[in-house]
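Student: One letter stands for each residue in the lines below.
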Amino acid sequence: MIQIKEVTRTYGKGKTKFEALKKVSFSISEGEDLAVIGKSGSGKSTLMHALAGLDRPTSGSIVVEGRDLWSRSQKEIDKYRSYSVGFIFQDFYLQKEETVMESVAVPLEIRGEGDRRNKVEKALKILEIDDKAKNKTNELSGGERQRVCIARAIVGEPKILFADEPTGNLDSKTGENVENILFDINKKLGTTLIVVTHDHDLAKRFSNNITLKDGKITGHKGSGVKI
Amino acid sequence: MKSIDIIKKGFRNLNRNKSRTILTVLALSIGAVSLVLTLGLGNALQDSVNGQLDSVADPTLSVRLLADQEDEPGVAIYDENKKIVTALRRGPESSSNIELMNEEDINKFAEVEGAKLVWPDYELSAEYLNLVGEDTKYVVSTLGIRSYGEVDAVAGSYPDEWKAQDVVLSDTYLKSFDKTADEMVGQKITLGFINSENEIEEQEFSIVGITASGDIGFEQITPDSGKAVISVEAAKKIYDLEQRESENYNKFISASILLASPEVEDSVRQSVKDINDKYELSSLADLTEVISSVLSTVTLALSGFSVIALLAAAFGIINTQLMSVYERTKEIGLLKALGMSNRNVRRLFSYEAIIIGVIGAIVGSMFAFVTQEIINGIFKDKLLEYGFENGVIILTLQDVLMVVVGLGALSFLAGVIPARKAQKLDPIQALRNE
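Protein sequence lines correspond, in order, to chains Y and R.
According to this note's numbering, the first sequence is numbered sequentially starting from 1.
According to this note's numbering, the second sequence is numbered sequentially starting from 1001.
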C-alpha cells in the first residue's frame, strides 16, 4: 500500500510562488496499475517525483513500505530509489557511447552489485533485445531505445515502476508494443505500475486512474485506488 | 557504489571526450616534465658533489677552542694570559676569537670513545729537499701531514700505515729529478729545515709514493710547487726540532681527531663538547651538509617555476571538469534518479580529476625519462669531464612517486569545485534541463 496524505508542493517564494500540488491524498494497493492523467502543469510529474523519492514535498506525507518516505535519511531515500523504484523517462537518457549491456547495468552498478551480467541478460530477454546487447545505444531505433530504458528500470526488480509519458516519443504502433510490455511486467512480476500521461487512450487501458488538474485530484477510477 | 566501478566510470567518461582529456593531460605533463627534470638535475648535482667530496673524504674532526665571549660589545680586550689569537673568519657563525690549546688539552681527546688517534695540527715548514747523493736542492712549498682519506698514488702507494721515515711527494718533482714516478719510489731524500737554534737540520726520508698534481680535492698543486707529505710521528719530531725553543711551542690553533668509523662522529662530537663546551668541531660532513642545503635550496627554487606551470594546468583541470559537469547535467540527473548518492557523484568527478592528474604526472615522468636517457647518452664524455659521472639528470623512483602523488593531490583540489557542483545538482532540474 502506498499512501499519499495531503501532499503539497510549492515552488518559489512570494510573487512567483506556485503550488504544483495542493493537499493531494489517495492510496494505491501494491501490485496495481495506475495512470495519473493530467495536462501539462497539472502537477502529475511533480506527484510522480514525490512518490519516487526525487522531489521533497513541501508538506504532507507519503508512506511506502510501511514507513514515511520523506522523513527517512538521505541515505535511505537513495537506497529506496536504488532498490525499490524503477524509472522510465519520456526522453531515454541513454549515453550514446555506451552499449546496451552497459546502459542496463547502471542501476546494479549504483547498488554496488558485483555480478551484474546474469541480471542484465535476464532483463534484456524479457524485453526481447538480448540480441542487441553489444550494440551502442545510438545504433538503436526509438522503440528499441525505450525497451533498453525499460530493461534498465526493471533490471533491479523494483517493487514500483514509474513511467513518465513512456510512449510520448514513439509512433503509435511501437507505443502500443511498449504499453503491452509494461502491463506484462505488472502482471508477471507483480510490480506496481504508475504511469504519468496526458494520453486518454493510454489511460483507458489501466485498471485504476486518477485525474489531476491544477494540483488537485478531480476524478478517479478503479478499485485499487482510494481517495 | 563500489570505488572500482566509480573509477571505471571515470575512465569511460574521460575516454568519451578524448581530445579534451589529452589536451588537459598534456598541459599537466609539461609542468610535470620540468618538475621531474629539475629534481633530477638536483640529484645529479648532489651526486656529483658527493662524488668529488668522496675523493677527499677524511674521517677526521678538526677541533678549535673558542675564546670566551666578551660581554662588552666591540673588539675584545687583549689579555696576555689568555693566549687569544684571531683566526681566519670561516663563516658568519664561527667566532673569530679562538684560544690556543696545548698538547695536554689535546691528549684528553684521545680518551674519548671512538677517537682512534689524536694529534695537534703542527705547523711545519721545510727549506728544501734533495735526493740522497745529489747536490741540487729543491723548494718544498708545502710540508703536510698525511691524510686519512683515500688518496690515489700514481706510483708506489699512499699507505694506510705510515712508518716514521715514509714520505709521499707530488709528481711535480719528477721533472726536477728527471726520473719517472716508478723510479722515484724507494729513493731516499733529505729534508732540510731550520731548527730553533736557527740552524739547518736534516732528516732522511724514503719515498713510498707519488701523487698526481692538479686538482686534488680542494687543494691545487700548480706545476711549479712541490708538496711533501709525512706521517704524524715524523711531523711531531720536526715540529719539536723547529719550535722547541720558540715562544709558540706547545700552542696549537687546532687539533685533529681520527674517528674509528664515520658512524661515531656524533658521539665523539658530543664527548668532546662534554669536556669543554667551548670546543668547536668541524668536519667534511659539515661542508657536505652546507653544500647539500645550498643545492636543495637551488633545486627547490627551480622547482618553484615548474609548480607555477602546474598551477596553470590545474586551472585547465577546473575548466575541463566544469565543462564536463555542464555537458553531463542530464547524465548526472539520471544517475541520481537511479539512486546514486550525492557523495558518489562527487567522488566520480573527483576521481576523474585525480585520474587526469596522475596520468599527466606519469606521461610527464616518461618524457623526463626519455630526456634523461638522451641527454646523459649524448653528452656522456663531456659530462664525465665535468665530474657528472652518473649523468647530469638522475631521476629517482622516489621523486617520480612524489610528483605523481603531488599531482594527484593538486588535481583533486582542482576538481573540488566541479565535483561539488555535480554533487549539488538537483536531479529534477537536471533531467528537465533542455
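Treat the hints with care, as some may be off.
What the hints assert, rightly or not - Simulated crosslink set (DSBU-like; lysine-lysine; CA at most 30 Å straight-line):
#1 Y/K39 <-> Y/K136
#2 Y/K134 <-> R/K1330
#3 R/K1380 <-> Y/K136
#4 R/K1421 <-> Y/K75
#5 R/K1424 <-> Y/K132
#6 R/K1251 <-> Y/K96
#7 Y/K79 <-> R/K1137
#8 R/K1330 <-> Y/K132
#9 Y/K119 <-> R/K1421
Just so you know, these hints were derived from the structure itself, not from any lab.
Student: Compare the structure with each hint and give your call.
Tutor: Evaluated hints:
1. Between the alpha carbons of Y/K39 and Y/K136 the distance comes to roughly 35 Å, so the proposed pair goes past 30 Å and is violated.
2. Under the criterion of a C-alpha separation no larger than 30 Å, the hint pairing Y/K134 with R/K1330 is consistent with the structure, at around 23 Å.
3. For the given pair, R/K1380 sits about 54 Å from Y/K136 by alpha-carbon distance, which is inconsistent with the 30 Å threshold.
4. With a CA separation close to 19 Å, the supplied pair R/K1421 and Y/K75 stays within the 30 Å bound.
5. Annotation: proposed proximity of R/K1424 to Y/K132 is violated, straight-line Cα distance about 35 Å (limit 30 Å).
6. With a C-alpha separation of about 91 Å, the suggested pair R/K1251 and Y/K96 falls outside the 30 Å cut-off, and the hint is violated.
7. Taken as a hint, the Y/K79 and R/K1137 pair is broken in the structure, with Cα atoms around 101 Å apart against an allowance of 30 Å.
8. Our distance criterion of 30 Å between C-alpha atoms is met by R/K1330 and Y/K132, whose separation comes to about 24 Å.
9. Distance hint between Y/K119 and R/K1421 is unfulfilled; the C-alpha atoms sit about 33 Å from each other, more than 30 Å.
Violated hints, in rising order: 1, 3, 5, 6, 7, 9; the structure is consistent with all others.
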